[in-house]
Amino acid sequence: MSSQALEQSSAHPANPNFQHQYEDLQQQYSSTTFGMWVFLVQEILFFGSLFCAYAVYRSMYPEAYSAASHHLNVALGTFNTVVLIGSSLTMALAVRCAQLGRNKGVFGYLLATFMLGNVFLGVKVVEYSDKFKHHLVPGPNFAMGGPYNEQAQIYFSMYFAMTGLHALHMIIGAGLLIFFMWKAYNNTYSTDFYGPIENMGLYWHFVDIVWIFLFPMLYLIH
Amino acid sequence: MSATLTHPVDQVPMPENQGESYLTKGKGVMSWLLTKDHKRIALLYLMSITAMSLLGGFFAALIRLELITPGGDLLSAESYNKAFTMHGVIMVFFVLIPATPAVLGNFLLPIMIGARDLALPRINLLSWYIFIIGAAFTLYSMISGGVDTGWTFYTPYSSTYANSAVITAALGAFISGFSSILTGLNFIVTVHKMRAPGLTWFRLPLFVWGNYATALVQILGTPVVAMTILLVAMERLFGFSFFNPNTGGDPILFQHMFWFYSHPAVYLMILPAMGVISELVTCFSRKRVFGYSFIALSSVAIAVFGFLVWGHHLFVSGQSVYGGMVFSVLTFIVAIPSAVKVFNWTATLYKGSISYEAPMLYAFGFFGLFLIGGLTGLFCANVAVDVHIHDTYFIVAHFHYIMVGGAIMGYLGGMHFWWPKITGRMYPETAGRISAIFVFLGFNLTFFPQFLAGYLGMPRRYHAYPEEFQIWNIMSSAGAVVLAIGYTLPMIYFTWSIFAGKKAPANPWGAKGLEWTIPSPPPMENFETIPVVTEEAYAYAPEEDEEHEVNHHV
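Just so you know, the sequences run in chain order A and B. So for the first sequence, this note's numbering puts the first residue at 2; every next one is plus one. So for the second sequence, this note's numbering puts the first residue at 233; every next one is plus one.
Just so you know, the hints here were simulated from the structure itself, not pulled from any lab data. Just to be clear, a hint being listed does not mean it is correct.
[As the list claims (entries may be wrong)] Short, incomplete list of chain B residues facing chain A, as computed with Cβ under 10 angstroms:
no.	residue
1	S285
2	I413
3	G416
4	I451
5	L463
6	F470
7	F472
8	S525
[Claimed, not checked] With a straight-line cut-off of 20 angstroms between C-alpha atoms, the simulated EDC-like cross-links for lysine to aspartate or glutamate are:
no.	chain 1	residue 1	chain 2	residue 2
9	B	K257	B	E589
10	B	K268	A	D25
11	B	K734	B	E589
12	B	K257	B	E757
13	B	K734	B	E661
14	B	K268	A	E24
Quick reminder that beta carbons are idealized off the backbone N, C-alpha and C, glycines included.
One chain only, chain A, in its complex shape:
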């Protein structure tokens, strides 16, 4: 038994991306993927507390939420949703290319994902500046008007916190995409080493799914 273990540990795979603490690439792959899933669990709790606060205040002030949500631009939100779903598609294609060891394909699809992510963020900038123009940013200058002016501040605080943290995740994701594009450019991925791109994909899809919940909660439910 122990001689078998010795053989395994002395026969470290030659792949330069192999890390010394693992027995083989398979263990490395399953550990890092599992790690990403555990990370996403904590992300769900992280956003979950915001969703919880959103739900509490919606049940307390349904009229204020309804009045305030009419100030969001549904057209831009729908456009962004389509853009983001598109970026999930290109991300999934990048993962497929990585599994097949096609580094050029990985690079191209990651670039497409990166561009779509930036389109999303650009639209978000337009939406945010619109809120500033119309005095819909909570604080002393808030002036939505109407009977729910005070409570609507809670709605817009939730709006900025939720979409802001979502956008922050997108920005971090965009930074990671640049890193992985550089890696793919250097032909890092092969049929026995593609875990990082899969994990990047998991992260990106998670951020998309958060938006899939945010969009109806903030824009569509009146």
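Here the structure of chain A is known, so what remains is to put chain B in place on it, guided by the hints.
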């Protein structure tokens, strides 16, 4: 435990030529600051946590000095508020929560499961840097005027009215939370994916189970408090409203979200300490641990039930009566797995050949303090009693018995037990025993009088108090001196032992477990060959006894 361990442990010669020790392989400051080795990162954590505990202890000293007299003579009300806030923030977020997992867990978990390192070494180093950044924010808030909200950051005081450095302190707690999350994530992945061949879940050392349960709380609870504290910071920074009653916000919601993590955080401190105690009790009784699977699963049960009891902090905050009743019952339920542990440890002692080395004295101290802390917890869980003792020194005493008495006793016991493994040097045994006794006596003298003062009605968080409470406060402050000596002694003789201590053998205690099969201090890669585990944990019973048992059953 492993196949290499067929002879009695004490006769195993110090294995040689196993590669250079992790302490000497790689020299220079950068080899430490950029290390990905879990053992070195554990030492980085040890140094930073010790420094933070000295700072937190300094604020505790200010508090105890102020409270010697009934009048507010040493500190103004304002600076007293800042002193207890800084004491709480530093001790909770930068000492108690990380201490056992980040130091002992980091060092031991991979070795105990027969791995070369944690599954994600870079994430491990990252977690230390995040910890340091969080600590820097907190220290900045201290020197830029301090913060006076209490470590709980209750709204709307913290979000709207407090005129102190709340934002930086809150961000410090927020950032350090991610260090805790990453440690937990790493532990979960490591335990799932890195176990040596033959090491099944129910052969894992109980310290690993304790840290696994802790890791569950870290990844499920910490993000919630991180977000909650971030919302408070946003409210102050941008003028948003989440908990501001002026716009219809609900400050009680903050308390719910805060305690959803911060109550489980208590279990996060005590669970790894309980894991340490399980190791100590079985080793120094020379006996298989009693009810292994019950101790293992009770850790998980505490972690799970711990998430359902946060409302017992809100009994007098305007929570509904029915909510209070449900949370009260659930809180009583947590006592069950905790009691399971204590009974199992006691049963392990029964008919064991007990020896009284310093780690075991710490374990006995843990029993005493945890028992008092746990049983007074039942007082607090009772809604009617809690209305009387809420926000009094009774609560202060209760949580110190658990969070400090229990958690730090376990931590120090573990530090003594594994110090020879970590440094390759023995600590002076007599000094170790003396410090254990000082800590136990000093702790009780400090905090037991606070139960009485609190029950008689002395409220917490005031710098002045009616004269009738002075006797209890004098006792408490005197106890704090004894306690300080008890806590300082190990720092002195541990440091001394690094330079002049006796060289430690691979297995000074004759203990079971994979960490005792490798040299002290361990080589960089821990194991030359990944071990194959063929036994359950804690097979302390001598072979004759086992044969006898078999015959008996036949």
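Taking the hints in turn, this is what the structure says about them:
With a cut of 10 angstroms, the hint placing B:S285 at the interface with chain A is violated, because the nearest CB-to-CB distance is about 27 angstroms. With a least beta-carbon distance of about 5 angstroms to chain A, the hint placing B:I413 at the interface is held under the 10 angstroms criterion. The closest approach between the C-beta of B:G416 and any C-beta of chain A is roughly 8 angstroms, which is under the 10 angstroms cut-off, so the hint is satisfied. A cut of 10 angstroms between beta carbons decides the hint on B:I451: the least distance to chain A is about 5 angstroms, and the hint holds.
Interface hint status for B:L463: upheld, as the beta-carbon distance to the closest one in chain A is roughly 7 angstroms, under 10 angstroms. Hint status for B:F470: holds, given a least beta-carbon distance of 7 angstroms to chain A, under 10 angstroms. Hint status for B:F472: holds, given a least beta-carbon distance of 4 angstroms to chain A, under 10 angstroms. A hinted interface residue such as B:S525 counts as satisfied when its beta carbon comes closer than 10 angstroms to some beta carbon of chain A; here the least separation is about 24 angstroms, so the hint is violated.
With a C-alpha separation of about 32 angstroms, the suggested pair B:K257 and B:E589 falls outside the 20 angstroms cut-off, and the hint is violated. The suggested pairing of B:K268 with A:D25 holds, with an alpha-carbon distance near 19 angstroms, which does not exceed 20 angstroms. A hinted pair counts as satisfied when its Cα atoms are at most 20 angstroms apart, and B:K734 with B:E589 qualifies at roughly 16 angstroms. Our distance criterion of 20 angstroms between C-alpha atoms is met by B:K257 and B:E757, whose separation comes to about 11 angstroms.
Proposed proximity of B:K734 and B:E661 is supported: the alpha carbons are some 11 angstroms apart, at most 20 angstroms. A hinted pair counts as satisfied when its Cα atoms are at most 20 angstroms apart, and B:K268 with A:E24 qualifies at roughly 17 angstroms.
Hints 1, 8 and 9, counting from the list given before, are not met by this structure.
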